[in-house]
Amino acid sequence: KQEVTQIPAALSVPEGENLVLNCSFTDSAIYNLQWFRQDPGKGLTSLLLIQSSQREQTSGRLNASLDKSSGRSTLYIAASQPGDSATYLCAALNAGGTSYGKLTFGQGTILTVHP
Amino acid sequence: NAGVMQNPRHLVRRRGQEARLRCSPMKGHSHVYWYRQLPEEGLKFMVYLQKENIIDESGMPKERFSAEFPKEGPSILRIQQVVRGDSAAYFCASSPRTGLDEQFFGPGTRLTVL
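Protein chains in written order, with this note's numbering: chain A, 1 to 115; chain B, 1001 to 1114.
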C-alpha cells in the first residue's frame, strides 16, 4: 500500500527566498507523481506532473525532481513571492493491481511567504 | 474548454438528510474520480468510475455512500442519512482515456452537516 509523506508540514519564509518542499513515498513502483497547489477553501491546481521515466520537470519558477530509487520527490520554488502562499500537495499514482487510477496524497506543506 | 465542474459548491444538510453532489468532467473525459478531504486530513480516494461502470470503490464507506456515472449527464456522489462526520470537502477529478492519465480536479463541494 502506497504511503506519501510531506516534510515540513509548514514553512514560513521571507519573500525572495528559494525553498524546497519534500515528498517521500513508500512504493517506488509509481507511474507518475503530481504536485498540486491548494489555496484555502479552494480546489486543487496542478503544478507539475513527472512521469516515472523522467527525472525532473520545470515550469517557470518551479522545478520538481523525482528519484524513484530513493522514493523521493522535491519541489523547488525560486524567488518566492507572497502569492506563492498556499498548501502544496504531492500525489503518487501507481499502476499495478488495485492502485490503478488512485492518487495517494501526502498531508501537504503549508507555505507562507511574508513580504 | 471548461474544466471540471462541481455543484453545488457549498451544501448544508441536517443529520439524516440526503446529499447529492454532482460532477461534470472535462469535455472528452470518460473517467471520473471522487476524493474526500476531511478537516485537518489529507485527500483520500473514494471511487473511480467510467461511463456506466464502477471501476474501483475501495475507498467508499460501506454504508450510505454510492456513486454513479451514467451514460448521459454528470457523475453523482450520493450520501444517504448524513451524519456530522460526513462534513468535508468532496473533490471530483477527471481524466481522458485511462486511469493512468493526468487527473484534473474540480473546485470541490463543501458539505456541512448540522
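Derived by calculation from the structure, the hints in this document are not laboratory data.
We put the CB at the ideal spot given by N, CA and C, even for glycine.
Don't take each hint at face value.
[Stated by the list, open to error] Stretch-level coverage of chain A by chain B, calculated; a stretch enters the list once three of its residues show a Cβ under 8 angstroms from a Cβ in chain B: (1) 8-17; (2) 54-68; (3) 77-87.
[As the list claims (entries may be wrong)] Cross-link-like lysine-lysine pairs, in silico, BS3-like; alpha carbons within 30 angstroms at most: (4) LYS68(A) with LYS1071(B); (5) LYS1027(B) with LYS42(A); (6) LYS1062(B) with LYS1051(B); (7) LYS68(A) with LYS1(A); (8) LYS42(A) with LYS1(A); (9) LYS1051(B) with LYS1071(B); (10) LYS1(A) with LYS1062(B); (11) LYS1062(B) with LYS1044(B); (12) LYS1062(B) with LYS42(A); (13) LYS1027(B) with LYS1051(B); (14) LYS42(A) with LYS1051(B); (15) LYS68(A) with LYS1051(B); (16) LYS68(A) with LYS1044(B); (17) LYS1062(B) with LYS68(A); (18) LYS1027(B) with LYS1044(B); (19) LYS1044(B) with LYS1071(B); (20) LYS42(A) with LYS1044(B); (21) LYS1027(B) with LYS1071(B).
[Claimed, not checked] Away from chain A, derived, C-beta distances all over 10 angstroms, residues of chain B: (22) ALA1002; (23) HIS1031; (24) GLU1041; (25) LEU1043; (26) GLU1052; (27) GLN1081; (28) ALA1093; (29) LEU1100; (30) GLY1108.
Now the hints, each set against the structure:
| no. | hint | verdict |
| --- | --- | --- |
| 1 | 8-17 | violated (count 0) |
| 2 | 54-68 | violated (count 0) |
| 3 | 77-87 | violated (count 0) |
| 4 | LYS68(A) with LYS1071(B) | violated, 39 angstroms |
| 5 | LYS1027(B) with LYS42(A) | holds, 22 angstroms |
| 6 | LYS1062(B) with LYS1051(B) | holds, 22 angstroms |
| 7 | LYS68(A) with LYS1(A) | holds, 16 angstroms |
| 8 | LYS42(A) with LYS1(A) | holds, 28 angstroms |
| 9 | LYS1051(B) with LYS1071(B) | holds, 5 angstroms |
| 10 | LYS1(A) with LYS1062(B) | holds, 20 angstroms |
| 11 | LYS1062(B) with LYS1044(B) | holds, 15 angstroms |
| 12 | LYS1062(B) with LYS42(A) | holds, 28 angstroms |
| 13 | LYS1027(B) with LYS1051(B) | holds, 13 angstroms |
| 14 | LYS42(A) with LYS1051(B) | holds, 27 angstroms |
| 15 | LYS68(A) with LYS1051(B) | violated, 33 angstroms |
| 16 | LYS68(A) with LYS1044(B) | holds, 22 angstroms |
| 17 | LYS1062(B) with LYS68(A) | violated, 34 angstroms |
| 18 | LYS1027(B) with LYS1044(B) | holds, 25 angstroms |
| 19 | LYS1044(B) with LYS1071(B) | holds, 26 angstroms |
| 20 | LYS42(A) with LYS1044(B) | holds, 16 angstroms |
| 21 | LYS1027(B) with LYS1071(B) | holds, 14 angstroms |
| 22 | ALA1002 | holds, 14 angstroms |
| 23 | HIS1031 | violated, 7 angstroms |
| 24 | GLU1041 | violated, 8 angstroms |
| 25 | LEU1043 | violated, 4 angstroms |
| 26 | GLU1052 | holds, 16 angstroms |
| 27 | GLN1081 | holds, 27 angstroms |
| 28 | ALA1093 | violated, 8 angstroms |
| 29 | LEU1100 | violated, 5 angstroms |
| 30 | GLY1108 | violated, 5 angstroms |
The structure is inconsistent with the numbered hints 1, 2, 3, 4, 15, 17, 23, 24, 25, 28, 29 and 30, although it conforms to all the rest.
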